[in-house]
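Turn these sequences into a full structure, and let the hints steer you where they fit.
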Amino acid sequence: MTIVFALFLLTLLVVTALAIVRTKNLFIATMLLSIFSLLMAVNFFILDAADVALTEAAVGAGVTTVIFLSALRLTSQYERGSLASSRWIAVIVVVTTTVLLISGTINTPNLGDPNAPVHQHVAPFYLENTEALMGFPNVVTAVLSSFRGYDTLGEVFVVFIAAVGVMFILDARQGTGPEYELRVEKGLKHHLIPRAVGGLLIPFMLLFGLYVQFHGEYGPGGGFQAGAIVATAFILHAILEGERTALKAFSRNAQMALIIGGSTLYGAVGVVCMLKGGTFLDYSVLMEDPVTARQVGIIIIELGVGMAVCGALLSIFHSFAARKPVAQAK
Amino acid sequence: MTMVLAVARAVKGPSIYDRVLAANMFGTKTALLLAVVSFLFGRMDFLDLALAYALINLVGVLAVLEFVEGRIESGKGKLDD
Amino acid sequence: MTLDAFLGHFNYWVFAILLMIGFYAVIAKGNLIKKLVGLSIFQSAVFLMYISMSKVEGGTAPILQAGAVDPIYSNPLPQVLILTAIVVGVATLSLGLAIVVRINERYGSIEERELLDAD
Amino acid sequence: MIEVAIEWLGNALLIVGAASVLIGGIGVIRMPDLYSRMHASSLTDTMATLALFSGLMLHSGFTLATIKLMAIMAFLLLTGPTATYALANAAFRSGIEQPRSLNTDDQEKSAP
Numbered sequence: 001m002t003i004v005f006a007l008f009l010l011t012l013l014v015v016t017a018l019a020i021v022r023t024k025n026l027f028i029a030t031m032l033l034s035i036f037s038l039l040m041a042v043n044f045f046i047l048d049a050a051d052v053a054l055t056e057a058a059v060g061a062g063v064t065t066v067i068f069l070s071a072l073r074l075t076s077q078y079e080r081g082s083l084a085s086s087r088w089i090a091v092i093v094v095v096t097t098t099v100l101l102i103s104g105t106i107n108t109p110n111l112g113d114p115n116a117p118v119h120q121h122v123a124p125f126y127l128e129n130t131e132a133l134m135g136f137p138n139v140v141t142a143v144l145s146s147f148r149g150y151d152t153l154g155e156v157f158v159v160f161i162a163a164v165g166v167m168f169i170l171d172a173r174q175g176t177g178p179e180y181e182l183r184v185e186k187g188l189k190h191h192l193i194p195r196a197v198g199g200l201l202i203p204f205m206l207l208f209g210l211y212v213q214f215h216g217e218y219g220p221g222g223g224f225q226a227g228a229i230v231a232t233a234f235i236l237h238a239i240l241e242g243e244r245t246a247l248k249a250f251s252r253n254a255q256m257a258l259i260i261g262g263s264t265l266y267g268a269v270g271v272v273c274m275l276k277g278g279t280f281l282d283y284s285v286l287m288e289d290p291v292t293a294r295q296v297g298i299i300i301i302e303l304g305v306g307m308a309v310c311g312a313l314l315s316i317f318h319s320f321a322a323r324k325p326v327a328q329a330k
Numbered sequence: 001m002t003m004v005l006a007v008a009r010a011v012k013g014p015s016i017y018d019r020v021l022a023a024n025m026f027g028t029k030t031a032l033l034l035a036v037v038s039f040l041f042g043r044m045d046f047l048d049l050a051l052a053y054a055l056i057n058l059v060g061v062l063a064v065l066e067f068v069e070g071r072i073e074s075g076k077g078k079l080d081d
Numbered sequence: 001m002t003l004d005a006f007l008g009h010f011n012y013w014v015f016a017i018l019l020m021i022g023f024y025a026v027i028a029k030g031n032l033i034k035k036l037v038g039l040s041i042f043q044s045a046v047f048l049m050y051i052s053m054s055k056v057e058g059g060t061a062p063i064l065q066a067g068a069v070d071p072i073y074s075n076p077l078p079q080v081l082i083l084t085a086i087v088v089g090v091a092t093l094s095l096g097l098a099i100v101v102r103i104n105e106r107y108g109s110i111e112e113r114e115l116l117d118a119d
Numbered sequence: 001m002i003e004v005a006i007e008w009l010g011n012a013l014l015i016v017g018a019a020s021v022l023i024g025g026i027g028v029i030r031m032p033d034l035y036s037r038m039h040a041s042s043l044t045d046t047m048a049t050l051a052l053f054s055g056l057m058l059h060s061g062f063t064l065a066t067i068k069l070m071a072i073m074a075f076l077l078l079t080g081p082t083a084t085y086a087l088a089n090a091a092f093r094s095g096i097e098q099p100r101s102l103n104t105d106d107q108e109k110s111a112p
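Protein chains in written order, with the numbering used here: chain A, 1 to 330; chain B, 1 to 81; chain C, 1 to 119; chain D, 1 to 112.
Each hint should be verified, as a subset may be incorrect.
[As the list claims (entries may be wrong)] Quick list of simulated restraints, FRET-style, between CB atoms:
id, chain 1, residue 1, chain 2, residue 2, range
1, D, A19, C, R106, 54 to 64 Å
2, A, L101, D, M1, 57 to 67 Å
3, C, R106, A, V296, 45 to 55 Å
4, D, M31, A, I260, 50 to 60 Å
Calculated directly from the structure, the hints in this document are not laboratory data. We put the CB at the ideal spot given by N, CA and C, even for glycine.
Dropping the structure here:
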């Protein structure tokens with residue numbers, strides 16, 4: 001049953017990917033990309049990766065589409081043909097590499113083989129010890145925020161740097177005088193139905209984001225997903241009410257504070273752990289009882305992750321959305 | 001299943017809005033599918049995923065509406081194939 | 001090639017094909033946004049490979065269930081790596097798009113050929 | 001007795017939901033123009049949402065899952081029609097007005 005399902009979904013993935021590459025219209029490519037991401041999320045779910053599917057859902061369906069569309073608004077919608085001269089070389093390279101990669105997979109273990117090398121090294125340790133060391137059931141969250149906390153810290157900083165980079169690249173004209181204008185004054189205010197429904201939905205989205213944030217130890221969820229969901233809620237608000245209202249409600253400085261605060265919170269927890277005599281990000285020294293201490297540490301750093309991701313995605317969106325398109329040279 | 005049909009429409013759909021329609025439809029189907037699959041797997045706690053889809057799907061389509069309106073107002077004209 | 005081996009490797013083949021579709025878009029398409037779309041397909045293919053590796057036959061998602069008898073869980077480690085990679089992927093993708101937007105403002109084009117000519 | 005009846009009712013609802021999803025898919029492929037395609041997809045979506053989630057609720061009994069299912073159903077019922085409205089509005093405003101003539105060649109004629 002699962003196998004049939006997986007075959008079906010994977011075939012659809014390939015078809016969609018081919019269609020994305022074939023189309024000349026970048027708008028269509030964006031729409032197909034969102035379908036691609038939905039398919040990918042279902043695939044992840046079938047392959048037992050609930051947390052990953054939730055992340056893909058939160059990021060792929062909303063934020064990616066919106067950012068691509070705003071980039072298209074600022075550039076051009078059409079593609080004017082590929083570089084014809086290199087085309088056949090590209091096809092040959094690609095086909096050869098595909099054949100090589102497929103022949104390389106012949107000796108890999110079958111899908112789902114419990115004896116595959118991946119499952120032998122540290123994974124059993126994580127699965128066996130999470131309950132005893134952390135006291136909550138979601139192993140993914142445990143590995144993310146405690147066993148491999150350094151990795152996650154690095155990822156948060158990458159997101160931070162990307163957001164700052166986007167701001168530097170696109171916000172240069174902000175506040176430099178009259179040519180800087182907020183693009184959409186009114187947003188979709190004149191569309192009554194989306195506005196009403198959006199007004200109804202946004203509180204629930206925020207609530208759901210917080211639920212995902214703080215329920216991440218027990219079910220699928222955590223800082224990354226929650227950050228993306230909350231950011232999506234604010235993006236919906238910005239789309240509905242226009243940039244100016246959205247920025248008044250949640251200013252650039254507040255977004256920046258969120259990014260910096262989140263990253264700093266994460267790092268600070270590590271430093272506090274060091275000051276208390278442990279190693280960096282070793283939460284067990286935070287309190288008397290090591291299990292509670294780890295839980296507290298994880299909740300705090302998940303909060304940091306959530307804040308940083310939410311702020312970063314929002315500031316990226318606003319960097320794109322608030323920029324004025326230049327007159328297109330024909 | 002319907003998803004095949006939706007993808008078929010998305011790939012061959014004559015106008016651009018057919019693709020958007022397919023994307024939107026696909027989102028709803030994904031939410032339904034996730035709910036049913038999590039029921040079949042017997043892990044009802046994964047309904048969170050379907051909930052996420054139910055909430056987030058709207059944003060993409062509204063972004064399309066805004067994109068189109070922006071196009072019209074800036075005089076760039078309509079979208080076409 | 002038996003049916004078992006076919007089913008067991010189909011995920012990896014799809015990964016290879018998707019990877020190369022994305023790669024083709026990156027190297028053969030002249031449009032910068034199309035290249036980024038290709039890059040994100042490429043990225044998704046890598047995600048798919050990692051998650052395929054984490055699957056254990058008969059297993060369930062690695063959220064421990066109280067009272068389950070001798071449960072099998074999938075490997076949490078690749079899932080963690082990919083979870084963070086997805087968010088980072090979006091962030092870097094938007095950085096790329098920001099650069100493309102600036103290129104478009106400077107040169108009025110996002111086609112590689114025209115950019116090379118303009119330089 | 002009553003449990004069996006509820007289970008059968010749940011199954012029946014699931015089948016109805018799946019069938020309407022399928023009908024919607026066929027409609028989206030077969031209908032001649034954009035607006036009727038939209039019609040096909042949105043109506044069947046609503047029906048499928050109602051039927052599938054009622055069926056699942058009957059199956060799951062009264063637990064936390066039921067409340068979540070209800071929430072999902074409510075949100076889907078809210079967002080589905082809104083999305084259709086937004087899409088139809090976008091399509092209409094960008095000049096797709098004549099039904100039955102949605103070939104790409106005809107679009108230029110129908111542009112305002």
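Do the hints match the structure? See the list:
1. A19(D) - R106(C): 54 to 64 Å: 55 Å, holds
2. L101(A) - M1(D): 57 to 67 Å: 59 Å Cβ-Cβ, so the 57 to 67 Å window holds.
3. R106(C) - V296(A): 45 to 55 Å: 50 Å, holds
4. M31(D) - I260(A): 50 to 60 Å: Check passed, 52 Å falls within 50 to 60 Å.
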